[in-house]
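Got chain R sorted already, so can you dock chain C onto it with the hints?
2 protein chains.
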Amino acid sequence: MNIRFYNAKILTLNEQEQFEIIRGELWVNGDSIRYVGESKKPAEICAELKLEMPVWEREIDVKGNLLMPGFKNAHAHTYMTFLRSYADDLPLQEWLYQMCFPKEDKLDTENIRPLEVLGIMEYLTSGITTSFDMCYFPPVYAQVAAQCGFRAVQVSGVNSFGGSAAVVEENYLKVNETSDLTSFMIGFHAEYTTKMDLMKEIADLAHKYKSPVFLHNSETQNEVKECLERYGKTPTQLTEELGMYEYGGGGYHCVYFDDKDFEIFKKRQLTAVTCPASNLKLASGIAPLKRFVEEGIPVAIGTDGPASNNSLDMFKEMFLASALAKVREMDAECISADKILYMATTGGAHAMGLDNCDRLAAGKKADLIMIDLQQPNMQPENNIVKNLVYSGSKQNVKLTMVNGKILYEDQKFSIGFEPADIYKEANRIIRSMEG
Amino acid sequence: MNIRFYNAKILTLNEQEQFEIIRGELWVNGDSIRYVGESKKPAEICAELKLEMPVWEREIDVKGNLLMPGFKNAHAHTYMTFLRSYADDLPLQEWLYQMCFPKEDKLDTENIRPLEVLGIMEYLTSGITTSFDMCYFPPVYAQVAAQCGFRAVQVSGVNSFGGSAAVVEENYLKVNETSDLTSFMIGFHAEYTTKMDLMKEIADLAHKYKSPVFLHNSETQNEVKECLERYGKTPTQLTEELGMYEYGGGGYHCVYFDDKDFEIFKKRQLTAVTCPASNLKLASGIAPLKRFVEEGIPVAIGTDGPASNNSLDMFKEMFLASALAKVREMDAECISADKILYMATTGGAHAMGLDNCDRLAAGKKADLIMIDLQQPNMQPENNIVKNLVYSGSKQNVKLTMVNGKILYEDQKFSIGFEPADIYKEANRIIRSMEG
Chain R
1 MNIRFYNAKI
11 LTLNEQEQFE
21 IIRGELWVNG
31 DSIRYVGESK
41 KPAEICAELK
51 LEMPVWEREI
61 DVKGNLLMPG
71 FKNAHAHTYM
81 TFLRSYADDL
91 PLQEWLYQMC
101 FPKEDKLDTE
111 NIRPLEVLGI
121 MEYLTSGITT
131 SFDMCYFPPV
141 YAQVAAQCGF
151 RAVQVSGVNS
161 FGGSAAVVEE
171 NYLKVNETSD
181 LTSFMIGFHA
191 EYTTKMDLMK
201 EIADLAHKYK
211 SPVFLHNSET
221 QNEVKECLER
231 YGKTPTQLTE
241 ELGMYEYGGG
251 GYHCVYFDDK
261 DFEIFKKRQL
271 TAVTCPASNL
281 KLASGIAPLK
291 RFVEEGIPVA
301 IGTDGPASNN
311 SLDMFKEMFL
321 ASALAKVREM
331 DAECISADKI
341 LYMATTGGAH
351 AMGLDNCDRL
361 AAGKKADLIM
371 IDLQQPNMQP
381 ENNIVKNLVY
391 SGSKQNVKLT
401 MVNGKILYED
411 QKFSIGFEPA
421 DIYKEANRII
431 RSMEG
Chain C
1 MNIRFYNAKI
11 LTLNEQEQFE
21 IIRGELWVNG
31 DSIRYVGESK
41 KPAEICAELK
51 LEMPVWEREI
61 DVKGNLLMPG
71 FKNAHAHTYM
81 TFLRSYADDL
91 PLQEWLYQMC
101 FPKEDKLDTE
111 NIRPLEVLGI
121 MEYLTSGITT
131 SFDMCYFPPV
141 YAQVAAQCGF
151 RAVQVSGVNS
161 FGGSAAVVEE
171 NYLKVNETSD
181 LTSFMIGFHA
191 EYTTKMDLMK
201 EIADLAHKYK
211 SPVFLHNSET
221 QNEVKECLER
231 YGKTPTQLTE
241 ELGMYEYGGG
251 GYHCVYFDDK
261 DFEIFKKRQL
271 TAVTCPASNL
281 KLASGIAPLK
291 RFVEEGIPVA
301 IGTDGPASNN
311 SLDMFKEMFL
321 ASALAKVREM
331 DAECISADKI
341 LYMATTGGAH
351 AMGLDNCDRL
361 AAGKKADLIM
371 IDLQQPNMQP
381 ENNIVKNLVY
391 SGSKQNVKLT
401 MVNGKILYED
411 QKFSIGFEPA
421 DIYKEANRII
431 RSMEG
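Protein chains in written order, with UniProt numbering: chain R, 1 to 435; chain C, 1 to 435.
Just chain R, same shape as in the assembly:
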């Protein structure tokens, strides 16, 4: 598809990796961005680019609104939509072992599909163009995402309650071949659910495939305490010593870190993926975001799953990431809106190995969203980046494009599924699991 967006404000990154807002147009050619720049006669742009004049399938008047990179949700369990508002107001361990795991046991490769479509629909409404997922049945989620046209990076969630290194390897090979939209990294659920022999096998796989490794890391105080009791080391130090991070990676949550943990993340340039809403709601704590930033450790932002959050909304997470850092440090100057927006877009893309989706620029994949600035919460336009982070809402998302295709526009989905059917199925599935 050739699509021309004109009359737009466009959020770009300059050479210092700082956000700039330019006025002009953006051309999409197939799955990629062909041009981002000032408005000129299309013929002039074509001459510059040595390009034949495209035949536009659509020319979209952006009406002075904002085009920006889609949000990258750097930690999620998309299929968990079925447990939204099902088991709340419980501490993490109880919530996980008594409520989530028994219901998850009733999932199969068929009933999980509409639950995943439901999550993808929610991402699109919030301008999220990729999720970094720890899923049940990764090949199934890869199929579902590709079918919807959604970009999905996955990581293994294997643990000693289920799965094996052999299955991880099988998934690795399958998912990475499913579609251009899907990829897979080596990983495991968490130290507290995984025995030493399996962790060692995971490290071997990471070496074999030169893969980064991600896991739930230091989400609760108790998790760190128990790991110290078991191994005399924190989860970060243990996994480092097991040789997990030869090819990078990072951790989800990273709430309780000691000096040595920070050092390892800094040295290896691992990504700390913060999930502020989930950490509050499960009463896990507030991550030390300021220190991650000060140490130059890459940070990305995730929603976590809809059972713990309970929504998949990057605007909520951005506000929280910023505001919680301020109150944690009792310092209202702590972490600027620009830094937060970078984490939610470019930072997430880099964590997922999607360097070709990390900004709006010619040659990058066309994963972008249109933000309606003509709404009261985005006015006046004193500072558009601050408006996005501090007062933005998913209500402002007018259009979500992934890989050059418009999947969501003016509250309508183009993903090959009827919303009403998906809602009906999701309700039926959770009801069928009861009793």
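Simulated from the structure, these hints should not be mistaken for lab results. Certain hints may be false.
Note that identical chains are pooled: a pair holds if it fits in a single copy or bridges any two copies.
To be verified - Within a straight-line C-alpha distance of at most 25 Å, the following computed SDA-like cross-link-like pairs (lysine to any residue) qualify:
| hint | residue 1 | residue 2 |
| --- | --- | --- |
| 1 | K412 | D61 |
| 2 | K225 | E329 |
| 3 | K9 | G30 |
| 4 | K266 | N222 |
| 5 | K9 | R428 |
| 6 | K339 | G285 |
| 7 | K106 | E381 |
| 8 | K9 | E425 |
| 9 | K103 | K195 |
| 10 | K424 | D61 |
| 11 | K63 | F413 |
| 12 | K9 | D355 |
Chain C only, in chain R's frame:
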């Protein structure tokens, strides 16, 4: 206007003040609710109510979506829209004295109007049907709100930098007579901006008019410390001893309370109005919500002004009020979604003296909203109240009605102003204040 909503889920309160969701219809007659109950033939309902068959101006098929009371924003400075994203990332005192006050000095009774309309528009998009406002020029805001059809309760924000008890009295009389939609209570900005003689005059006025008293109370640690240094008492104890609360009232923020403060609020049944987003963003702290609830102290929820928050979004505040209580107490069971929703609706109405707007029931004012449940973030419908509090979004607000009039529907406003004009004016005004 006679409006019939049918095929609805309706959020009501039972005799134990607990939320229930019934299926049926809701009739609006003029500014009030005439009927809430199960669906029957309209003629049957009329016979029961001994009512002539109404001529409907509109019959609205709610399509199984939710009708619920409008949110009550229990603390706001609506006019501050112009400072949204203008002065961020600063601590409260610096933000207030160096950024807000100098710009506020440039406000007048004309340029403040579009700024207030902008705030009212934002309320409507978030399903807020009333604000409890501490404003510049209260009679002007009363006029603007009445013109838009919006319900506005105001409180005096007098302090020793401007205003006098005489002006408070004048405003009290004027605003309470402006419209059925507007009312005014005695109050003052805060102890830290108000000298003793003025506080005493305010207490006298409260007695004269039998008015509740509200003020910013114990928002920061520093505020309490300085009050203790000045008077040897906390702001709560000082104002109690000055006889402020003979007719009730409460405090905005209430972050730093000691045992005696809790005791006073409990004994007097004063409302603690929590403003979680603002308290985070200005790095003020996290209010002790759990204890307020345990002591049986009324709680309501406010957004505070758009310069500190930076949005006027009750969904954001509800999630925060709940999730922050959980992380503050490190207890994921702390405060249920039901309690939070009660604070955001009924609790706010009671704080503002709007007992006739506190729930959906026959005879109450028709201040209500329609929530679109056919959106991914509201599915599956495991628990609608939890979905509202934990995953709801202003995107779900399909319709906002105040006093029987539909002011917002499907993203369109019916308030007598053109959105584009308001945005243009708001941008012009802040630009004109620069330099």
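(message) Checking an output row: K103 and K195, CA cutoff 25 Å. Within, between, both or neither?
(response) Close inside one copy (23 Å), not across copies (61 Å); limit 25 Å.
(request) Evaluate K225 and E329 at a C-alpha cut-off of 25 Å and name the case that applies: within, between, both or neither. (result) both (23 Å within a copy, 19 Å between copies)
(request) Give the relationship of K106 and E381 under a CA distance limit of 25 Å: within one copy only, between copies only, both, or neither. (result) between (49 Å within a copy, 19 Å between copies)
(request) With 25 Å as the alpha-carbon cut-off, assign the pair K9 and G30 to within, between, both or neither. (result) Within one copy only: 22 Å inside, 44 Å across.
(request) Please work out whether the CA atoms of K9 and E425 approach to 25 Å or closer within one copy, between two copies, in both situations, or in neither? (result) between (39 Å within a copy, 20 Å between copies)
(message) I want to check one pair: K266 and N222. Are their C-alpha atoms no more than 25 Å apart within a copy, between two copies, both, or neither?
(response) For K266 and N222, the Cα distance is within 25 Å only inside one copy (24 Å; across copies 36 Å).
(request) With 25 Å as the alpha-carbon cut-off, assign the pair K9 and D355 to within, between, both or neither. (result) Answer is within; shortest intra-copy Cα gap is 23 Å, inter-copy 46 Å.
(request) Pop the pair K9 and R428 into one bin, within, between, both or neither, using alpha-carbon distances up to 25 Å. (result) between (43 Å within a copy, 19 Å between copies)
(request) Could you figure out if K339 and G285 sit no more than 25 Å apart (CA to CA) within one copy, between two copies, both or neither? (result) Classified as both; 21 Å inside a copy, 22 Å across copies.
(request) If the cutoff is 25 Å on CA atoms, where do K63 and F413 land: within, between, both or neither? Let me know, please. (result) both (22 Å within a copy, 20 Å between copies)
(message) As a check of your reading, is K412 near D61 (CA-CA no more than 25 Å) within one copy, between copies, both or neither?
(response) both (18 Å within a copy, 20 Å between copies)
(request) Tell me, please, which holds for K424 and D61 at an alpha-carbon limit of 25 Å: within, between, both or neither? (result) between (36 Å within a copy, 20 Å between copies)
Violated hints for the displayed structure: none, as all numbered hints are satisfied.
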